[in-house]
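Student: Sequence:
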Amino acid sequence: MTPFPVRPMDAVMALYSEGNQELSEAIIASLSRAVFDGEHVGPAGLVQRSLARASYRILKWTTARRPEAKIRDRGHGACHNPLLELTGHPYARALLDASSRESESLVEGGDPMNGPYMMIAPEILKLATTWDRIFLNSVQGRDVQLRFIWETQATYEAGKRRLEKHGSVRMKAIAAGTGLSMIVAYDRLVREGYDPAQITVKITDREKTEIDKCHRILPKLSSTRSRTAGGERGFSAEIEDIFETEADADNSATYDVVTAVGILEYLPGFTCDTTERCHGLLQPREAATAEHVAATLGKMTTNAGALIVNTCRPHASTRILELFGKRFDYRRRENLSALLATANFRNPCLVGSANIYDIEVYEKGPS
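Each residue of the sequence shown is one higher than the last, beginning at 1 in the working numbering.
Under the rule of at most 35 Å between Cα atoms (straight-line distance), these lysine-lysine pairs were calculated in the DSBU-like manner: (1) K126 - K208; (2) K126 - K160; (3) K60 - K126.
None of these hints come from the bench; they were simulated from the model. Just so it is clear, the structure is predicted and the values come from calculations on it, not from any experiment.
Kindly generate the complete structure, drawing on both the sequences and the hints.
Tutor: If you want it as structure tokens, here you go:
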């Protein structure tokens, strides 16, 4: 067995690759203990926020965009920054090198971008290097960790309430990358003695690579190994694109708990600010809007069901990501409420609030 603990990026590699079953189970168990039983640190404080503002200015001065010919002919990433390149850290490379031209504006769910989750586990945080802490435990990284903790706790609580009241629950994670939060919440419910036959879980993402990673995690856990299925029952993971105007997915299925975290900040409508407005950029015409996706979420959520979503506020840390071509549609709590009201979601309950993200749970009202 590979020794535990491990460093953050080694933990990510172990989780999302073939093999490493015992190590993967140990990592999930550590994450679960930290999420449900640990003492959570708060959002980044004044010193870290000041460093984020200073870092933004430095990176703005030192970041340049490569000519299209170099990107195409030499296989370089779109951006060049000598300071980030000197670190050699996977997160720095992920910022500089988008996986494709089409996905450059998105913060992709690649392995480095899952690194901040690993910092939640105390055994892994203990071995984090200086660069791990700078990149993965920054203002943005800390907010991502808290967002994961609150999403997982909210998913678990919503599922538990449904099981105790109705005896069964159907849960779905939308465009959730590898669905790690849903996996941890489900694993907790099963280990607490709830009947896995009464729990249906579906994880979806538009990227096949992310679904493949999910398929590699599920057989590693005793709670999901025998429940993995290809249909509506059990624990399934499949490709579905929530951004498409006319998705091919079966929209007749409804769920009691739906998580849609890290999605709406890429869709226009009901915003307090956008990357384009802030930097005077051209706003591209997009087929999918936030209102369209809200309507889709409304159709797949049962009446009185729970929708778990996040806000996204402007901050120096997200401005850093914008330097590397990422684009965001920012919403405060009032913007999110106005958006989701169009799809009959109501009674928002704040789970947690940090510098950039809030996690809220909405109740689906009757159409």
